[in-house]
Amino acid sequence: MRISAFLTILALALPLGAPHAASAEGRLSVSGEARIAAVPDMATISLGATGRGKTAVEAMNATSTAVDAILARLSDLGVEARDIQTTQLRVNEQTRWDRDRNEDIFVGYYATNTVRVRIRDMDGIGALLSAVLDDGANQLQSLTFGVQEPREVEDEARRRAVADAIAKAQLYADAAGVTLGPVLELRDTAEPLVRSIVEPEPMVVEEAPAARDVPVAAGEIEVRAEVTMVFSVSE
258 MRISAFLTIL ALALPLGAPH AASAEGRLSV SGEARIAAVP DMATISLGAT
308 GRGKTAVEAM NATSTAVDAI LARLSDLGVE ARDIQTTQLR VNEQTRWDRD
358 RNEDIFVGYY ATNTVRVRIR DMDGIGALLS AVLDDGANQL QSLTFGVQEP
408 REVEDEARRR AVADAIAKAQ LYADAAGVTL GPVLELRDTA EPLVRSIVEP
458 EPMVVEEAPA ARDVPVAAGE IEVRAEVTMV FSVSE
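Terminal number for the sequence shown in my numbering: 492, no gaps in between.
Be aware that a few hints might be false.
Said to hold, decoys possible - Pairwise CB distance ranges (calculated):
| # | residue 1 | residue 2 | range |
| --- | --- | --- | --- |
| 1 | I362 | E477 | 49 to 59 Å |
| 2 | Q345 | E315 | 16 to 26 Å |
| 3 | K311 | T343 | 20 to 30 Å |
| 4 | K311 | S399 | 50 to 60 Å |
| 5 | T343 | V364 | 54 to 64 Å |
| 6 | L441 | S321 | 53 to 63 Å |
| 7 | R284 | E409 | 49 to 59 Å |
| 8 | E290 | G438 | 19 to 29 Å |
| 9 | Y429 | R469 | 54 to 64 Å |
| 10 | Y429 | S332 | 19 to 29 Å |
| 11 | D380 | S332 | 52 to 62 Å |
| 12 | E337 | Y429 | 50 to 60 Å |
| 13 | V490 | I341 | 52 to 62 Å |
| 14 | R469 | Q345 | 41 to 51 Å |
No wet-lab data here; the hints were simulated from the structure. Built from N, CA and C at the ideal position, the CB exists for glycine as well.
Build the full structure now, drawing on both the sequences and the hints.
What follows is the structure, given as structure tokens:
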């Protein structure tokens with residue numbers, strides 16, 4: 258009998274808490290994003306040279322001769338030392354498949370030296386590419402466009418992303434018939450700067466006569482920001 262009485266009292270007590278829970282403040286989580294087009298004022302090119310030889314030393318010497326000429330040309334074109342960095346240096350054996358012997362036959366060695374070059378003179382990209390190809394560059398890895406001072410455009414993208422999140426939150430609150438309260442959380446959820454990248458398949462050019470400047474179109478880059486905001490809501 259005592260057990261039955263206890264269960265009855267507990268069952269009657271549970272519904273009393275329901276209205277109180279419904280009137281408590283809730284949380285509304287929304288995301289906001291913004292995309293801004295910006296004109297690039299900087300390019301980064303990854304290029305280099307590959308040389309071959311019967312020995313590793315011969316291969317590296319052939320590559321070094323070409324890269325020395327490339328670095329000298331970059332300096333002549335006004336590229337500062339701080340904007341040039343070696344990113345890859347390697348020597349590998351070169352083999353060919355012999356069908357008759359059913360095995361790889363040693364041919365020699367090839368050496369690769371790749372440098373990353375930051376170009377601040379956008380009008381000179383085509384002439385620079387043409388010049389270094391003429392000097393012996395036979396590796397072109399990638400071409401990336403960016404902004405030298407991205408902070409201003411990044412901050413504008415962030416402000417617009419926050420405004421987008423607030424507008425969404427207000428819309429959802431109005432549609433749900435609740436009152437939007439203050440911000441409880443704010444998180445930056447994306448890298449704001451998205452660079453424009455031209456990345457062809459890595460290629461080796463055996464001969465690259467510089468007949469004309471390489472045509473390059475910079476176009477625009479997209480600066481993106483994304484935030485997640487959590488608001489309190491109440492009836």
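Hint check:
Under the hint 49 to 59 Å, the C-beta atoms of I362 and E477, about 51 Å apart, fit the expected range. In this structure the supplied range 16 to 26 Å holds for Q345 paired with E315, their Cβ-Cβ distance being about 19 Å. A hinted range of 20 to 30 Å holds for the C-beta pair K311 and T343, which are about 25 Å apart. Distance hint check: the CB atoms of K311 and S399 are about 31 Å apart, inconsistent with the given range 50 to 60 Å.
At roughly 26 Å, the beta-carbon separation of T343 and V364 lies outside the given 54 to 64 Å, and the hint is violated. Our hint of 53 to 63 Å for L441 and S321 holds, since their Cβ atoms are close to 60 Å apart. Between R284 and E409 the C-beta distance comes to about 33 Å, which lies outside the given range of 49 to 59 Å. In this structure, E290 and G438 meet the distance hint of 19 to 29 Å, their C-beta atoms being roughly 23 Å apart.
Take Y429 and R469: their Cβ atoms lie about 57 Å apart, and the range 54 to 64 Å holds. For the pair Y429 and S332, the beta carbons lie near 58 Å from each other, so the given range of 19 to 29 Å is not met. Checked against the given bound of 52 to 62 Å, the beta carbons of D380 and S332, roughly 18 Å apart, lie outside it. Taking 50 to 60 Å as the suggested C-beta distance range, the pair E337 and Y429 conforms, at roughly 51 Å.
The supplied range of 52 to 62 Å is met by V490 and I341, whose beta-carbon atoms lie about 55 Å from each other. Between R469 and Q345 the Cβ separation comes to about 28 Å, which falls outside the hinted range of 41 to 51 Å.
Checked against the numbered hints given earlier, this structure breaks hints 4, 5, 7, 10, 11, 14; the rest are met.
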